[in-house]
Amino acid sequence: MYPDTQYKERTFFSRVFFNMTWALVLTALVAYGVASYPPFINAVMYNTGGLFILAILEVILVAFLSRRIMTMSVGAAYVGLVVFSLVNGVTLSLIFWVYALESIFTVFFAAAGLFLVMGALGYVTKTDLSAMGRFFLMSLFGIIIVSLVNIFIGSSTLMYVISFVSVLVFSGLTAYDMQYLKQMYHSTSLTPEMYEKIAIMGALRLYLDLINLFLNLLRIFGRRR
63 MYPDTQYKER TFFSRVFFNM TWALVLTALV AYGVASYPPF INAVMYNTGG LFILAILEVI
123 LVAFLSRRIM TMSVGAAYVG LVVFSLVNGV TLSLIFWVYA LESIFTVFFA AAGLFLVMGA
183 LGYVTKTDLS AMGRFFLMSL FGIIIVSLVN IFIGSSTLMY VISFVSVLVF SGLTAYDMQY
243 LKQMYHSTSL TPEMYEKIAI MGALRLYLDL INLFLNLLRI FGRRR
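For the sequence shown, our numbering assigns the number 287 to the last residue and increments by one with no breaks.
It should be emphasised that the hints constitute simulated quantities derived from the structure, not laboratory data.
We treat Cβ as the ideally placed atom computed from N, Cα and C, and that holds for glycine.
Do not take every clue at face value.
No farther apart than 30 Å at their CA atoms in a straight line, the calculated lysine-lysine pairs in the DSS-like style are these [unchecked claim]: (1) K70 to K244; (2) K188 to K70; (3) K188 to K244.
Here are the simulated distance ranges between beta carbons [to be verified]: (4) R285 to G137: 40 to 46 Å; (5) M132 to I215: 36 to 42 Å; (6) L113 to T168: 22 to 28 Å; (7) V160 to T73: 38 to 44 Å; (8) V160 to T219: 14 to 20 Å.
Between the sequences and the hints, there should be enough to build the whole structure, so can you do that?
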């Protein structure tokens, strides 16, 4: 790889991680701010409908952005990422009432460490991870279905099994997404606008990988209040 190409690739990934970082910071600030307003938390925690609406809204936003981000204007794509980060912050505010604060920070740094290791593996490996990515995506659909069933069953054992499997799945998806972004960057003749859109799309995918690693590790190892 030529030095100029390496520099441009590093610049591209710097943009991806910059977008991912501010989205995470925005989510964290909203989550902590909402958690500091007890009336809202109480209303949501004791209202299954409220939680369901938030969850459905997040799924719709992710599905919409994943399908449309490359056809939007850059400004609209950034707005979409901001809106999703805000909504996810509201949803994640509940963890501050369920888990001890020091446990949240400890598990997040553990999740970030795992994310970095798997991301680096996906970036440097010469092995094609496409088949693995498809397998983990199918596994993700299975996890969603089993999780929906467990809402009605209410099995704590099944919840732990789902969380352990989810950690494996999102670890694999982190490696796959890093390789996918690298391949997409090199296989596409990037205009400045396409460059920005791919960086936003990459930020969203990696954001979701890290958040899901964090939440599932928190369910397994988090210390409740």
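Going down the list of hints, with the structure as the test:
A distance of roughly 11 Å separates the Cα atoms of K70 and K244; the hinted pair therefore holds under the 30 Å criterion. For the hint pairing K188 with K70, the CA-to-CA distance comes to about 20 Å; that is within 30 Å, so the pair holds. Under the criterion of a C-alpha separation no larger than 30 Å, the hint pairing K188 with K244 is consistent with the structure, at around 12 Å. Between R285 and G137 the beta carbons are some 42 Å apart, a value that agrees with the proposed interval 40 to 46 Å.
Take M132 and I215: their Cβ atoms lie about 39 Å apart, and the range 36 to 42 Å holds. Remark: the range hint 22 to 28 Å for L113 to T168 is upheld by a beta-carbon distance near 25 Å. For V160 and T73, the hinted distance range of 38 to 44 Å is satisfied, since their beta carbons lie about 40 Å from each other. Look at V160 against T219: about 19 Å separates their beta carbons, and that is inside 14 to 20 Å.
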